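Colleague: Each chain, letter by letter, is given below.
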Amino acid sequence: MEPNDPKLRELLREWQTPAMPADLDQRVLVQRAPLWRFFRASIRIPVPVACMLTFVLLTAGWWLARQTEPQAPCVTAAARLCTALPICRT
Amino acid sequence: MTDRDFRDAYQGHKDVVYRFAYRMTGSGVAAEDLVQDCFMALWRKPEAYDPRRGALRAFLLGIVRNLALKRWRAERPHEPLDGEGFCSPPLDLVGQQRADAVKQAVLLLPPLQREALILAEYEDLSLDEIVQATGAELAAVKSRLHRGRQNLRKILEPLLEGAAHGTK
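Those protein sequences? They're chains A and B, same order as listed.
The numbers in the first sequence follow numbering that gives the first Met the number 0, run straight up by one, and end at 89.
The numbers in the second sequence follow numbering that gives the first Met the number 0, run straight up by one, and end at 167.
No lab work stands behind these hints: they were computed from the structure.
For clarity, every value in this text was computed on a predicted model and none was experimentally measured.
We put the CB at the ideal spot given by N, CA and C, even for glycine.
Misleading hints may appear alongside valid ones.
What the hints assert, rightly or not - Examples of chain A residues toward chain B, derived with CB under 7 Å: (1) Lys6; (2) Leu11; (3) Met19; (4) Leu23; (5) Arg26.
So here's chain B without its partners, still in its complex pose (with noise of 0.2 Å):
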């Protein structure tokens, strides 16, 4: 990979990389590293991406979405990546903003279903991509995309019924 290639491919992407970090980890200095890290890995290890498996956006989604992992299950090591049976209160929305609240349901998500669901709802990712990204298999991915977004409605569900009622 040459320096112009690189810088190319970090102009490219860096935003979408950065927007996703942030949205896995909540923070922008633990988005930053993983921005950093990620881009150092495709410049010590270009040959590991290969275009016929698909884009640079996904692959690079990919080596983002590992170390968020990482980061994570060294931060709760006990705590299941997946939460199959995860279940949280609505949010009590007293004195919070709307952004706030969306911010903090997002982050109360497992992080599989977190990483599928910031994919599809915030990055437009098709299925095809978010597989790709994931190293998941189809059907994995759309069952925690379900449950991700059907763990959202109970989460945010003041704030829903609120815009059903027009109320803001």
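Chain A with its partners taken away, still in its complex shape (with noise of 0.2 Å):
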């Protein structure tokens, strides 16, 4: 330490800092509560975890999908060339 520089600390002492923004012990005690932590907190996944996830979500989305959509009508071949070739009546 040097004490013995008066004029320095005399200068240092004019920098004035503000008052604290009372709105801060508010934000300091709120975020204390369980349930604001709660909906603040955050994890941490490896990307390639990530997109093994996202594939394994999307896969499972497009297979339940495909599971729930109306059956097609089972049409026999014949009934299929009946609708398709025109009649001729002579």
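Two chains, each in its own frame: build the complex with the hints.
Modeller: So this is what it looks like as structure tokens:
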């Protein structure tokens, strides 16, 4: 320490900080609430795991969508032929 | 840590933590974030504070110091923290208020010199307390303080000379 530099010290003291904003109290004290912490919580997932999860979810969604699609009525080959060929009567 | 303990710690130290954060960053918004993060760190991990190793004030200042340096490093990844060869010309004081000039000069210092100087000159911490807050060796703290003061004398030379001649 160099306590014998009063000029510098005096000059430095001319820089005062502003008062702490009052709403900061609220921010700090409220942020500790469990519910707030739950909604602000985050987890870190490695990119490969995230990619795989996305792929699995998309595949599962696609598969489920296919399962719930209405089944097409069973049409026999003959019936298809009937509808496809015009009937000519002489 | 109970809610009551936390509130006591917050009420007792919030101002010193805010002042230090403000002087380290030069920004009110950044200082608010640092205060918030500092007390959240205490709330989440109160066991990190060991009363046998020193006062809570120095512990909290140490947290803010680490957060401020982390922020500084993220903003300027290639600038050295210590800056042993740091050299700045005297400030051009035309149109500047004295307080603004002092602020500018302190913020010009390399972060490790700045933190030692702020803790000693503004917060009146003893050398031991600065050692505790910064986690540095006593010799390193003394050296940073010495160099910080030397640099400030150079940067603020016009104002110090003005004071010596009785002008404001």
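Colleague: Look at each hint and say if it fits the structure.
Modeller: Verification of the hints:
no.	hint	verdict
1	Lys6	holds (6 Å)
2	Leu11	holds (5 Å)
3	Met19	holds (4 Å)
4	Leu23	holds (5 Å)
5	Arg26	holds (6 Å)
When held up to the earlier numbered hints, the structure conflicts with none and fits them all.
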